[in-house]
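Q: Dock chain B against the given chain A, drawing on the hints supplied.
For the record, the sequence lines run as chains A and B.
Following this note's numbering, the numbering of the first sequence begins with 1 at its first residue and continues without gaps.
Following this note's numbering, the numbering of the second sequence begins with 1 at its first residue and continues without gaps.
Worth double-checking, as some hints may not be accurate.
Stated by the list, open to error - For lysine-lysine, the following BS3-like pairs were computed, each having C-alpha atoms within a straight-line distance of at most 30 Å: (1) Lys198/B to Lys184/B; (2) Lys131/A to Lys545/B; (3) Lys461/B to Lys128/A; (4) Lys449/B to Lys27/A; (5) Lys545/B to Lys31/B; (6) Lys449/B to Lys128/A; (7) Lys171/A to Lys18/A; (8) Lys440/B to Lys128/A; (9) Lys186/A to Lys545/B; (10) Lys314/B to Lys79/B; (11) Lys186/A to Lys449/B.
Said to hold, decoys possible - These stretches of chain B come out as covered by chain A in the derived footprint (C-beta under 8 Å, 3 or more residues): (12) 410-416; (13) 438-445; (14) 448-457.
Unchecked claim - Simulated restraints on C-beta separations: (15) Ile377/B to Phe130/A: 22 to 32 Å; (16) Asp61/B to Glu166/A: 58 to 68 Å; (17) Glu166/A to Thr418/B: 35 to 45 Å; (18) Ile377/B to Arg42/A: 19 to 29 Å.
Calculated directly from the structure, the hints in this document are not laboratory data.
No residue lacks a Cβ here, since even glycine has one placed at the ideal position from N, Cα and C.
Listed below, chain by chain, are the residues.
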Amino acid sequence: MIRLSEGMPEHSLKLDKKSILYVENLKTWFPVRRSIIDVVRRKPRLYIRAVDGVSFDIKEGEVFALAGESGCGKTTTGKAILRLVELTDGKVIYRPSKHLFEELTSTNPSIPVVDKYMGIEISRVPAKNFKPLRTEMQIIFQDPYGSLNPRLTIYEVLEEPLVIHEIGSTKDERAELVSRALEMVKLTPPEEFLYRYPHMISGGQRQRVVIARALMLRPRFIVADEPVSMLDVSIRAEILSLMMDLKKQLGLTYLFITHDLALARYIADRLAVMYLGKIVELGDTMRVIENPLHPYTKALISAIPEPDPRNRLKIRDVPIKGEVPSALMIPPGCRFHTRCVALERSPELMELCTKKEPPLIEVEPGHYVACWLYCKK
Amino acid sequence: MSKQVKSSRLKALATSLKDALSETWRQGAGKASLILMAVLVAVAIYAAVAMPPNFRDAVWDNLEVQGENPSLAPPEWVKYLGVPHAPHVIASLDKSIDRLDLENQIYEFNYTITYSLEHEVFPQGIIAKGYELLVVAVGNYTIGPRCRIFISRPDGVTGLYTDTSVTLAAGTESAWSRSSIIVKLSEPEAIKSDLLYKIIIRYANESGLLLLKDRTYYIKFNTTNGTFLEPVGNVASMLFEDFTLKPSKYIFGKVSNINASYEFMRGQWSLQRVAASVEPLVGSYNITISCRYTALPQATLSRIQDLKPFNSIKLIVKGSVYGFMGTDANGRDLALGLLYGFPLAIAIGFFVAGLTSLIGLIAGVVSGYYGGIVDEIIQRIVDVMGNIPLLPILIIIAMALMVTYAEAPLVVLMGILTVLIVFGWGGLAIIVRAMTLSIKEEPYIEAAKALGSSNRRIIFKHIIPQVIPYVVASLVFSVPGAILTEAGLSVLGIRHGYPTWGAILSEAYRYMRVAMEALWWVLPPGILISITSLTFVLLGMALEKLVEPRLRTA
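The shape of chain A in the complex, shown without the other chains (with noise of 0.2 Å):
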């Protein structure tokens, strides 16, 4: 048995009262349809492990990202947290304002508090009585060109959420409060789009409209998947300073997920990165851009197209080898180790990385990694 070296605490949760968002050993399988066969045969059911225990905590206020490359399951994350997928196994807690805390506990007495600072373990609350959490949590998706119903104007799509949790009492209300939107995601004069339809839009405009729908309902926590990667160049910077404007008027909280670090660095507070369905390395942007401790962390980081024309002629070496892994086959032990670069320097850890999984340690305040790399000393 290897043991933990003293003084590199396996990460843990700590609930203190800055945090709006807990999220400890998240796990989110996919069963795979097995043929009858299969069944005859007794062989296992087989999953696709997209999240696979994964733990990190939000501070209010803060924009947290989480990057890795497509299929690692960060959207997976996202969508687990706010109930659009099942999970499979782990906690989410997640700190409701107030008034949301006192109307969730006085209707509903069995909701499952956990904790002096009123949080909420939103992951065991049966998905009937989720709905008033939805005001507070809310999602920007990816693609502004499917998360439009083409078939209503842009008014109808506003308007949904308040219909569906029964705001404005009026119809002259609920038209006020669209316009208002509209007018917060700088879509004026409002009237010029109220009665169109999605197609007669732009794609940046189409995105404003989707953070406008995030909005209507007075978020404090949204997770925003991938906002900008669909959009044309030119609009990203636009709609990123509309987000990052939002979360300062309105006291926002985010859960960006991205698959390019470079946006993070833009952006992020904190930054966690994911491989196969588990974090790798977590802590302050800037720190774990400018250190990369972990193999893949430095392999993704040096993949970033440097804008210095002076290189532009150089052939850069990205240190990774080999394809990503199936999640339905994860390999045993570290489960980067087939890629690993750093294990070939290092073969004495060969044993430890093909059969043990390395914990999330804080290597330094704040900035967490799991390699045995770093266990070693």
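A: Chain B only, in chain A's frame:
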């Protein structure tokens, strides 16, 4: 603002409807279908409004009405094609020439019409009916008139055709009121031999012998008093029997021969049948209906004078042609039946197609959206339904219904339609399920879930509006299917009793040998079924291009 929202939504609906119409109109098939559809719907509405709701019992299957029409008569307009015909005349007689003979205490009312036969074709008969009989009271008795029909022919023969003494059951009607009973003045029982004998005397040869067909027997006839001399009296009664069966051929004919057929039975020849050979007599006929009261007190007579025995008398000479569409073998007016078929066909088509589409839509959306065990159950039901052969099941169930509910045609018809609906929704359900499966994976559905939408809201607000255009197109396509199946079943012998076009065709099919010559009976219902189907198929094709833009060529 809210008004603006509402009006904008209405406006959007109106414009989308207008767009759909103009888009349909732009296509050749769409234009044709819209025109045909407008005509169909207009005729159906006219028929539904103008025809009595109990048309089937009151008109179509009413023996009284059928008896007034010639049977198997072609439409009247065939005369313009040069077909020889006897005109069909309906006269409502209310003007009479009265004759009051106070001395003999007789009061007589004479109604006369002239019927002219131009072609050598026999009319089918004479019908006379009196309406609103006056109840004449003398003391405690009620008395009716004696009504006789006299016919005077172009060849000079004038004779008594029928003689009816109208009697009223005592005490059923109040005195001096109008009875609601329709008095029939031309029943076979009322037919007298007078006219027959006079005709035969007119055409008998000088020696008093009429023409004879038989090898051994001669029929002798006394021209002076109109009696048969030889061989026996029953020749006369048999000839009279033939006259009462087919009076019109004697009334409107000239006799050229009398045929008697014999059979050798029990060692001797015995007479079987006597009938005259006749040819139509062209010219103008006077038909007089004479109603008389006799032996009444003077006061009573003068009271009748003001009131008349009947309010009106209907006299019908059944011609050889009838109406706009002709008649069937029972004498039903086909124009009425075919007209009544319009609303029936459209109602049957839309009822079946509408319910089929509704069930298919609901089953498909539920199956696709909820998935899991619900999906599995619905899809297996669809599989089972789809693999049961519909026609045998339909025939068995319809036969059982026909036997059980012979008196309730609506039950039989609804039973047939129900089977069509039960077996009809599967195909649409499969397609709607597939569409739902793809729609429910769209990001905006997930966005709606993230906003807290209930499943019901997602289904009604996001999924059904996307599926509806396809469902409407498929509804339009399946309308003719229902109409054709109903017609097919009628022809196969499933008769619910309603005069649908299929039922009319099926009647024609039953009289196959005659119907082959009565094209006016066979062709129109078939053509109407085809045109209706064509309308909906064309409209469906045009609509399909609207909902499936990939099919647009230009």
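Q: Does each hint fit the structure? Answer for all of them.
A: For each hint, the structure was consulted:
1. Distance check on the hinted pair: Lys198/B and Lys184/B sit about 24 Å apart at the alpha-carbon level, within 30 Å; holds.
2. Proposed proximity of Lys131/A and Lys545/B is contradicted: the alpha carbons are some 41 Å apart, above 30 Å.
3. Note on Lys461/B and Lys128/A: the hinted pairing holds, with a Cα-Cα distance of about 20 Å set against a maximum of 30 Å.
4. Taking the CA atoms of Lys449/B and Lys27/A, the gap is near 21 Å; set against the 30 Å cutoff, the hint holds.
5. For the hint pairing Lys545/B with Lys31/B, the CA-to-CA distance comes to about 13 Å; that is within 30 Å, so the pair holds.
6. Between Lys449/B and Lys128/A the CA atoms are separated by roughly 12 Å; this keeps the pair inside 30 Å, and the hint holds.
7. Only pairs whose Cα atoms come within 30 Å are accepted, and Lys171/A paired with Lys18/A is rejected, the gap being roughly 38 Å.
8. Simply put, Lys440/B and Lys128/A have alpha-carbon atoms about 20 Å apart, close enough for the 30 Å limit, and the pair holds.
9. For the given pair, Lys186/A sits about 39 Å from Lys545/B by alpha-carbon distance, which is inconsistent with the 30 Å threshold.
10. This hinted pair checks out: Lys314/B and Lys79/B have alpha carbons roughly 25 Å apart, not beyond 30 Å.
11. At most 30 Å may separate the alpha-carbon atoms for a hinted pair to count; Lys186/A and Lys449/B meet this at roughly 26 Å.
12. Only residues whose C-beta sits within less than 8 Å of a C-beta in chain A count toward coverage, and the segment 410-416 of chain B has 0 of them, not enough to reach three; the restraint is violated.
13. For a cut-off of 8 Å, the count of residues in the segment 438-445 of chain B with a CB near a CB of chain A stands at 3, and the three-residue condition holds.
14. Counting residues of the segment 448-457 of chain B whose beta carbon lies closer than 8 Å to any beta carbon of chain A gives 8, which reaches the threshold of three, so the coverage claim holds.
15. The supplied range of 22 to 32 Å is met by Ile377/B and Phe130/A, whose beta-carbon atoms lie about 28 Å from each other.
16. Separation of Asp61/B from Glu166/A is about 60 Å and conforms to the stated range, judged on CB atoms against 58 to 68 Å.
17. At about 42 Å, the CB distance of Glu166/A to Thr418/B agrees with the hint of 35 to 45 Å.
18. Look at Ile377/B against Arg42/A: about 27 Å separates their beta carbons, and that is inside 19 to 29 Å.
Violated hints, listed in ascending order, are 2, 7, 9, 12; each of the other numbered hints is respected by the structure.
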